[in-house]
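*Asks:* All chains, full assembly: derive it from the sequences and hints.
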Amino acid sequence: MPRKPMLDIERMRSAEEALRREARRLLADGVVSVFLGHEEGWDGLAVPSFATSPEDAEKLVWNPLVAPHLAKYLLDRLAGDEKVGIVVNGCGSLALERILKDRRFPRERLYIVGIPCTGILDPARVADLPPERRREVLETGRAEAGLFLDRCSWCDVPNAVVSDILVGEPVAEEPTVHEYPRAARLEAMSLEERFEHFKDLYERCIRCFACRNVCPACSCRECCLDQWEPLWLGRATSVPEQQMFHFIRAFDVAGRCIRCGECERVCPMGLPLMDFNDKLLKDIAELFGVERPHVPTDVEPLGRFDPQDPDFEEGAE
Amino acid sequence: MQPRKSGGFENMAESASRPEEARPAETRPAEEPGAGWEPVIVGFLCNWCSYAGADSAGTARMVHPPNVRVIRVPCSGRVNPRFILRAFQRGADGVLVSGCHPGDCHYSTGNYYARRRLVLLKRYLEYLGIDPRRFRTHWVSASEGQKFADIVREMTAEIKALGPGPKAKLGELV
Amino acid sequence: MGEGGKGMAPGPVPRTTKLVEASGLDGWLRAVAREARVWAPVKVDGRPPLFREFGAGEEDRLDLEAVRTVNSPKGALLPQTEPLMTYAMTKDAESGRPSLDLERAAPGGPVVVFGARPCDAAAFELLDKVFLTGDFVDDHYQARRAKTTVVAVACPRPDEACFCTSFGLSPGGTRGADVVLYGRSGPGVPVETVAYYAVAYTERGEAFLAAPAARAAGVADVPEDEGRCLEEVVSAFRGLGTPLGDRLGRIDVAARLDGLFDHPYWEKVSARCLSCGACTFICPTCYCFGVADCGALGKGVRYRYWDACKLPHFMLMAGGHNPRPAKSNRTRQRFMHKLNYYHHRYGEYQCVGCGRCVESCPVGLHLPLVAGEVGGLEG
Chain A
1 MPRKPMLDIE
11 RMRSAEEALR
21 REARRLLADG
31 VVSVFLGHEE
41 GWDGLAVPSF
51 ATSPEDAEKL
61 VWNPLVAPHL
71 AKYLLDRLAG
81 DEKVGIVVNG
91 CGSLALERIL
101 KDRRFPRERL
111 YIVGIPCTGI
121 LDPARVADLP
131 PERRREVLET
141 GRAEAGLFLD
151 RCSWCDVPNA
161 VVSDILVGEP
171 VAEEPTVHEY
181 PRAARLEAMS
191 LEERFEHFKD
201 LYERCIRCFA
211 CRNVCPACSC
221 RECCLDQWEP
231 LWLGRATSVP
241 EQQMFHFIRA
251 FDVAGRCIRC
261 GECERVCPMG
271 LPLMDFNDKL
281 LKDIAELFGV
291 ERPHVPTDVE
301 PLGRFDPQDP
311 DFEEGAE
Chain B
1 MQPRKSGGFE
11 NMAESASRPE
21 EARPAETRPA
31 EEPGAGWEPV
41 IVGFLCNWCS
51 YAGADSAGTA
61 RMVHPPNVRV
71 IRVPCSGRVN
81 PRFILRAFQR
91 GADGVLVSGC
101 HPGDCHYSTG
111 NYYARRRLVL
121 LKRYLEYLGI
131 DPRRFRTHWV
141 SASEGQKFAD
151 IVREMTAEIK
161 ALGPGPKAKL
171 GELV
Chain C
1 MGEGGKGMAP
11 GPVPRTTKLV
21 EASGLDGWLR
31 AVAREARVWA
41 PVKVDGRPPL
51 FREFGAGEED
61 RLDLEAVRTV
71 NSPKGALLPQ
81 TEPLMTYAMT
91 KDAESGRPSL
101 DLERAAPGGP
111 VVVFGARPCD
121 AAAFELLDKV
131 FLTGDFVDDH
141 YQARRAKTTV
151 VAVACPRPDE
161 ACFCTSFGLS
171 PGGTRGADVV
181 LYGRSGPGVP
191 VETVAYYAVA
201 YTERGEAFLA
211 APAARAAGVA
221 DVPEDEGRCL
231 EEVVSAFRGL
241 GTPLGDRLGR
251 IDVAARLDGL
261 FDHPYWEKVS
271 ARCLSCGACT
281 FICPTCYCFG
291 VADCGALGKG
301 VRYRYWDACK
311 LPHFMLMAGG
321 HNPRPAKSNR
331 TRQRFMHKLN
341 YYHHRYGEYQ
351 CVGCGRCVES
361 CPVGLHLPLV
371 AGEVGGLEG
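Chains as they are written, first to last, in the numbering used here: chain A, 1 to 317; chain B, 1 to 174; chain C, 1 to 379.
These are computed hints drawn from the structure, not numbers from a lab. Since this is a predicted model, take the numbers as computed values, not measurements. Be aware that one or more of the hints could be misleading.
In silico DSS-like cross-links for lysine-lysine, where the CA-CA straight-line distance does not exceed 27 Å [stated by the list, open to error]:
| # | chain 1 | residue 1 | chain 2 | residue 2 |
| --- | --- | --- | --- | --- |
| 1 | B | 169 | C | 43 |
| 2 | A | 199 | B | 167 |
| 3 | A | 199 | B | 147 |
| 4 | C | 129 | C | 147 |
| 5 | A | 59 | C | 268 |
| 6 | B | 147 | B | 160 |
| 7 | B | 167 | C | 299 |
| 8 | A | 83 | C | 129 |
| 9 | B | 169 | A | 199 |
| 10 | C | 147 | C | 43 |
| 11 | A | 83 | A | 59 |
| 12 | B | 169 | C | 91 |
| 13 | C | 91 | C | 299 |
| 14 | A | 83 | A | 101 |
| 15 | C | 43 | A | 199 |
*Replies:* Take a look at the structure:
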């Protein structure tokens, strides 16, 4: 059964205080040169924050709207050897692990503050609420399941999987059987229906690369999609080129996707991008016996093999 | 966990996502091809086994249709999944990938990686709306010229019956 | 230049005014789509509409009630992918001499943009300044523009992201439009609009309203006793404010930005940018493009495609040098272009306050934020 996400506003408020205290200390003592967190942006929604002084640390927030993941911004700080502070909840720590396991940022340069989490709201869905309802939700924490981020519905990592210090009491972990309803729904359609579904997606996509840029698994120093020599993908936005873009995007992160859904959340055209990734996660789980394909490990499913792997020919071993 | 295996090269389409239907339907080709239309099949053959196998079919004068355009690769593990999709997008009506039998790879492990990739890719291409009968994967050794000829004969006949490939529905790149 | 807000100058003189029922619009557009390519806000269930070609699907429905479409109609004049010419290398069969055959892409037929907001229509004029004036006239753009009719729809309910009034525009503005539709019940009314006054301000607009497709859709003369009502309705739309526009006031930061090129502000504000092209591609006034070839074996197509100065490789040159390697360089570039460089060149700002960047930027790094903040900086 998927866990039911919920908000504990009191716990979040005390976590916020502790976070500010910790970030202030780290910056004042010069332990880190910058602390990555969230602050209140336009219209009350949370945006990534980069505190470089104890005064900046006062702006850090921890509330139901801290949806944006921060780990990808570490790639902007590769130069130099100064330490960087970062706050993560469970899914945020999966993003961080992805960057670390892909060896894109050194662990020694990080100071990680982990905050246990039982759910975060989807900012777009909250922004659509009438002002009174929105205020009520944010103050009381009473929010229906549909207001939460999609990733909260399957989350089995309420506690950060990597951290230097934990703020607040850990949340009890519940064993979860992972299902992939998005993929299952599409599998139940006919071949033609699926083709039309994706064709509609390709026609709406504007190739802005928001999905690629936000993805913690997409961290190549030079992305094949930016190359001209060889030209893997032209710049035309025709249906086949769009199909190739989304194919490369999903298949190149196959086995490394952390199922965070940030790609879908940041897409300006509202494309159902997890339709691609969920299918690969589902098949990798089924075909290669990986129970939790979304959790980063040292060697991912497509980077290893088993002589007993499923084959497409009988008797092949 | 029990690995799932599908049928052999007698062409049981591996439709693991909907096992109750052995052959998911592509009801009609996008447009009726003219008389005498011949499908174009792109074949990625590994240098050490499958390419040699295809070559031995030729030297033994085995008869098979000429529809497969061969691209020789050092190993089936070199085949990047995007090659298969691109082949379809550029007009291939069918794509074949063939390598050494598992355990016999010239580079010892290349085909094991390829196997994982290709098994995943077969399901994924069907998911994207491409008829799985158009994409076939096999293991052909250097001495299996007959097997190669049989594959080509069957695949050509099947794709001829299916009609033109996905490019008709996808359109031009620009 | 200003056409909005209280105490503004009177608008252009209408050439003709008609009345049309909202229920007749879908049919009207389908008829027009037989002769021209129609771009309109197409209804999408549960989400804001998309500005795209109308009539391709039988089920296409017009959506004029949503405040804005997710993307802008600029694709009607400047397609995201536009073939410019085809090329083919051939060899003479006898002499073996190679020759290069080039064929220019055909200009295409008439285009009707229906249902643009006044901000989007004004944006077309900003694009015209770039493509139709100066030393070089873009003939592809020019050919398409010459065959384009723009029918705008006045905004009944600007929302918290709208700020067209900050640039002297208005929810009832006429800039860039051949025809403007004004909801007969006036702005602010919370029910769906039942009928529109259709006012033509140009010859082309007049012809559009007199065409057979229009008459078949029930476009009719305005009853004589409604003359006064029409004037009041138009005036009410023109006088509408926008919540964000009122908060920001008139944006006039060009001169201040002259001295801010090296300010550390850009480093700070750009830190959260994802370097994607979302803001650029949904913006009605952004126009940068690249040119590329797609071909093989000596034949192919040369096309242009939308490019975004936020993307890391926008200025990457042959040889590997990138003059804008940092996010701060690129973020500065985008806002300097819109709020300073364009203003120096063309005398106005390269923004119409449509609010799409406010809605679409995943990290809230949009023009009202920057325009507001630079006002308080010291050069």
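*Asks:* For the pair supplied as a hint, residue 91 of chain C and residue 299 of chain C, is the alpha-carbon distance within the 27 Å limit?
*Replies:* The given pair, whose Cα atoms are some 12 Å apart, holds under the 27 Å limit.
*Asks:* Is it true that the CA of residue 167 of chain B sits at most 27 Å from the CA of residue 299 of chain C?
*Replies:* Since the Cα atoms of residue 167 of chain B and residue 299 of chain C sit roughly 18 Å apart, the hinted pair holds (cutoff 27 Å).
*Asks:* Assess, step by step, whether the Cα of residue 147 of chain C is no farther than 27 Å from the Cα of residue 43 of chain C, and give holds or violated.
*Replies:* holds (25 Å)
*Asks:* Is residue 169 of chain B close enough to residue 91 of chain C, meaning Cα to Cα at most 27 Å?
*Replies:* violated (32 Å)
*Asks:* Please work out if residue 169 of chain B and residue 43 of chain C have their alpha carbons no farther apart than 27 Å.
*Replies:* Roughly 25 Å between the alpha carbons, so the hint for residue 169 of chain B and residue 43 of chain C holds.
*Asks:* Do the alpha carbons of residue 129 of chain C and residue 147 of chain C lie within 27 Å of each other, as the hint requires?
*Replies:* holds (17 Å)
*Asks:* Quick one, are residue 147 of chain B and residue 160 of chain B close enough, alpha carbons at most 27 Å?
*Replies:* Answer holds: residue 147 of chain B to residue 160 of chain B is near 20 Å, not above 27 Å.
*Asks:* Hinted pair, alpha-carbon criterion (27 Å max): residue 59 of chain A, residue 268 of chain C. Please report holds or violated.
*Replies:* Holds - the C-alpha atoms of residue 268 of chain C and residue 59 of chain A are around 14 Å apart, at most 27 Å.
*Asks:* Holds or violated: residue 169 of chain B with residue 199 of chain A, Cα cutoff 27 Å?
*Replies:* Judged against 27 Å, a Cα distance of about 10 Å means the pair holds.
*Asks:* CA of residue 43 of chain C to CA of residue 199 of chain A, is that 27 Å or under?
*Replies:* holds (18 Å)
*Asks:* Straight-line Cα separation of residue 199 of chain A and residue 167 of chain B no greater than 27 Å?
*Replies:* holds (13 Å)
*Asks:* Would you mind confirming whether the straight-line C-alpha gap from residue 83 of chain A to residue 101 of chain A stays at or under 27 Å?
*Replies:* Measuring from Cα to Cα gives roughly 18 Å; hence the hint holds.
Hints 3, 8 and 12 from the earlier list are contradicted by this structure; the remaining hints agree with it.
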